[in-house]
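Each chain, written out:
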Amino acid sequence: MRAFAALYARLDQSTGTSDKVAALVDYFQAAPADDAAWAVHWLTGGRIKRLVRANDLRQWLIDVSALPDWLIDDTYAHVGDLAETITLLTQRHPTAAQPELSLAGFVAHELLPLAKLPPDAQGAIVQGWWRTFADRERFVVNKLLTGGLRVGVSRLLVVQALARLSGQAGDLISHRLSGDFQPTAQAFQQLVAPGEVAIDADKPYPFFLASPLEQAPESLGPAGDWLAEWKWDGIRAQLIVRDGVRLWSRGEERLDGRFPEIERAAAALPNGHVLDGEILGWEGDAPLPFSRLQKRIGRLKPGARTLAECPVVFMAYDLIEAAGKDLRQQPLRERRERLEGLLDGATLRLSRPVDGADWSGLQIARNNARELGVEGLILKRWNSAYATGRRRGDWWKWKIAPLTIDAVLIYAQAGHGRRSNLYTDYTFALWQGDELVPVAKAYSGLNDEEIAKLDRWIRAHTLERFGPVRSVQAFHVFELAFEGVNRSSRHKSGIAVRFPRILRWRTDKPFHEADRLETLAKLAQ
Amino acid sequence: MRRDDLVILRPEGMYCPRGDFYIDPWRGVDCAVLTHGHADHARSGSVRYHAAESGLGLLQHRLGASAHIVGHGYGETFVLGDARVSLHSAGHILGSSQVRIEVDGEVWVVTGDFKRDADPTCTPFDVVRCDTLITEATFGLPCYRWPAMHEVVDEVLDWWDQCAREHVPAVMFCYALGKAQRLLAELAERVDRTVFLHGAMTPLVERYRDANIRMLPGEPVGDSKRARDFSGELILAPPSAAGSPWMRRFNSASTAFASGWMQIRGNRRRRGYDRGFVVSDHSDWPGLIRTVEESGARRVLATHGSTDSLVRYLNDRGVVAAALKTEFGGDDS
Ligand SMILES: [Zn+2]
Ligand SMILES: [Zn+2]
Chain A
1 MRAFAALYAR LDQSTGTSDK VAALVDYFQA APADDAAWAV HWLTGGRIKR
51 LVRANDLRQW LIDVSALPDW LIDDTYAHVG DLAETITLLT QRHPTAAQPE
101 LSLAGFVAHE LLPLAKLPPD AQGAIVQGWW RTFADRERFV VNKLLTGGLR
151 VGVSRLLVVQ ALARLSGQAG DLISHRLSGD FQPTAQAFQQ LVAPGEVAID
201 ADKPYPFFLA SPLEQAPESL GPAGDWLAEW KWDGIRAQLI VRDGVRLWSR
251 GEERLDGRFP EIERAAAALP NGHVLDGEIL GWEGDAPLPF SRLQKRIGRL
301 KPGARTLAEC PVVFMAYDLI EAAGKDLRQQ PLRERRERLE GLLDGATLRL
351 SRPVDGADWS GLQIARNNAR ELGVEGLILK RWNSAYATGR RRGDWWKWKI
401 APLTIDAVLI YAQAGHGRRS NLYTDYTFAL WQGDELVPVA KAYSGLNDEE
451 IAKLDRWIRA HTLERFGPVR SVQAFHVFEL AFEGVNRSSR HKSGIAVRFP
501 RILRWRTDKP FHEADRLETL AKLAQ
Chain B
526 MRRDDLVILR PEGMYCPRGD FYIDPWRGVD CAVLTHGHAD HARSGSVRYH
576 AAESGLGLLQ HRLGASAHIV GHGYGETFVL GDARVSLHSA GHILGSSQVR
626 IEVDGEVWVV TGDFKRDADP TCTPFDVVRC DTLITEATFG LPCYRWPAMH
676 EVVDEVLDWW DQCAREHVPA VMFCYALGKA QRLLAELAER VDRTVFLHGA
726 MTPLVERYRD ANIRMLPGEP VGDSKRARDF SGELILAPPS AAGSPWMRRF
776 NSASTAFASG WMQIRGNRRR RGYDRGFVVS DHSDWPGLIR TVEESGARRV
826 LATHGSTDSL VRYLNDRGVV AAALKTEFGG DDS
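Line order of the protein sequences matches chains A and B. Numbering-wise (the numbering used here), the first sequence opens with residue 1 and increments by one. Numbering-wise (the numbering used here), the second sequence opens with residue 526 and increments by one.
Treat the hints with care, since some could be wrong.
Stated by the list, open to error - With the Cβ distance kept under 8 Å, some of the chain A side facing chain B (calculated, not the full set): (1) D12; (2) S14; (3) L71; (4) D74; (5) T75; (6) V79; (7) L88; (8) L89; (9) P94; (10) N421.
Don't read these hints as lab results, they were simulated from the structure. Don't be surprised by glycine CBs; every beta carbon is placed ideally from N, CA and C.
In isolation and in its complexed conformation, chain A is listed as follows:
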């Protein structure tokens, strides 16, 4: 427990990736396998199901801290993280009096059994932990009670650390870790075991991701060396046919049951095949807007009406495994040839090459992207292997320039986590008549200096407060970029924008010259 809390503190303190990997290696080397397994589980984003209600935690904190409820809430709003708030408002001890506990033992025998207890019994136990655990451990325990344990460590860093520890290739570790990893000693030992270990038939391969193309495409060499495809805007997924069909999203979530038409079509594929592709809402010859598809993601067993409202297809990009054989090291050209022969052309479609004799031809094709409902082009080197993660060089996304609009800042809210006591979450509005109508929320795009400056301005120009939200004077104009615009009945403006972000602070533009809602509405699909 103490060792894991120390790892957490060390990861939290290091800003460089090499420091982080070193900290992970040190921990994994010294930790018992069952503790290490939990560490892998949490650091790669794994969670345990919620054990206690946030509201109960708050009540227990009110009891032990002897502070009024509103002051606990004010403090939480300021700190931005419930686990940290609890840690700061309970008894401080820099070092622990009690002996070291096994992490896995604590989880199995103390933490998880909480779920079966009534709230009063839970409260007594949790308050006991708050009294006895030293600061760092108390923070980790509170993190576990409130949800995840992410600490700025990417899955890739965990993979690198395990690769260094075991002497195995990162790709192999990554594959062993894909899908759902069960935090047991045995699973950890298999993760770092030498040589071949049979990989679970359920597991997806790690996805290969394209990197954004920032240079001119000519720098990539002759256009003929490259496969150009549309960058479809759906759910990137892996279709696994191994004694049954499984569907995994790029976020490595099981999508089984959500897209029965794809599973049905895939059942006709020969056994031992794994396809990489994109799930798209599709009607006639064209993709449906992402917002339609989004409604289906949450539906575990979609009814006939849902199926009819947003029919889907699997747009296949690649063939990763055929007849049980891993094809990732073969050139893309060969993988694609084999892929074409497998598809039914209806529910399972090939993502066709976009024609263009040279780069300028592709440039022209790319200019039509928005009309086709795609985000640009993906460029893949014809002789590339199927690598892991976002490895630069062979796969690029060549996106079209985003749509932009000049909007007025009207509300601000404090951020979370590392920006918890700055106003960093902004709501922007456009003109409709002489009224400002909110159209987008955006969090990112300003640098720290601008954020601090805007924060001061917001505090000094607040009109009204609604809980954590402040309305501010209409004054500042920002250029926002976004990927798409859809009509939406759920929004006051009648419009929903996709991936809005701040491009720049238009200090040169007076707020009454910001864009009008009609301008945005014309862009809607």
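Got chain A sorted already, so can you dock chain B with the ligands onto it with the hints?
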């Protein structure tokens, strides 16, 4: 504000009508009483200043040699108009004071910036009884509770050792007045090594040495040869030096920030420091509550930062409290 208040707000700053003087005004006035030498409290442009004797060196440095400053010992009463005024130790930085104002038997105290924790660079906070207390509330939330200084010094020394083992410089950002000297003095009780100082700090450290404060020896970074290797050395610099070309001398340095704000993890992460050390020259939450209680004040006005929660908390406990909108804060937390 009420009509017979001893201290009111004017565009120039906090004003005492019965004594015709200002306290830490942000514009030039005829007569200013200064609580201490931080830039948001001690501004130039006034005709005559009153301040604590022990802070004269710093104030003369900040306001210029020609500024007319009258020094007073702590507890010594002087008369301004109808008011009897005295200065009392605030424990914030060298020469920092609270201002006690008495008119017709009514007493107001303006704390200025203050802290309750021990600090080898200044005299401890003096509890002064009053009817109305104007307190700072820079850290006016209960999540701010300062750890014992010796624990923080342990952490600083561990970090310094770790930097030495990894052959990287240890660059600590901290405010040039007060915090830097306090760190040098706290460290002097534990080790005996030379610390390197950013140029903005050296004159201020000298003023503290003039006042016989025992601190680690400091050497200006600028006195070293260009190619000097600072691996394993501790360097103190003001926060404004972070990300400036000056930092190029300390390649691959581990960076830290010493401030009360470092109590919150998000603050450290947002600013991108490797380490955060909780060292504050302001009162923490328990210190604020204790000070209000010990002052005996029935009315409290809060300045600086997050006053809302403190004001509500005090009102709930039967103390009449309100916020006072000043232009203090931001430079020295
Ligand atoms: Zn100050
Ligand atoms: Zn101040």
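Now the hints, each set against the structure:
Annotation: A/D12 was flagged as interfacial toward chain B, and the flag holds, the nearest CB pair being 7 Å apart, inside 8 Å. Hint on A/S14 holds. Least Cβ distance to chain B is approximately 7 Å, under the 8 Å limit. Against a cut-off of 8 Å between C-beta atoms, the interface hint on A/L71 holds, since the closest Cβ of chain B lies about 6 Å away. Because the beta carbon of A/D74 sits about 5 Å from the nearest beta carbon in chain B, less than 8 Å, this interface hint is met.
Among the interface hints, the one on A/T75 holds; its C-beta lies about 5 Å from the nearest C-beta in chain B, closer than the 8 Å criterion. Given the 8 Å rule on beta carbons, the hint for A/V79 holds: about 6 Å separates it from the nearest Cβ of chain B. Given hint, A/L88 at the interface with chain B, holds; its Cβ is 4 Å from that chain's nearest Cβ, closer than 8 Å. Using the Cβ-Cβ criterion of 8 Å, the hint placing A/L89 at the interface with chain B is satisfied: the shortest such distance is roughly 6 Å.
Because the beta carbon of A/P94 sits about 5 Å from the nearest beta carbon in chain B, less than 8 Å, this interface hint is met. Against a cut-off of 8 Å between C-beta atoms, the interface hint on A/N421 holds, since the closest Cβ of chain B lies about 7 Å away.
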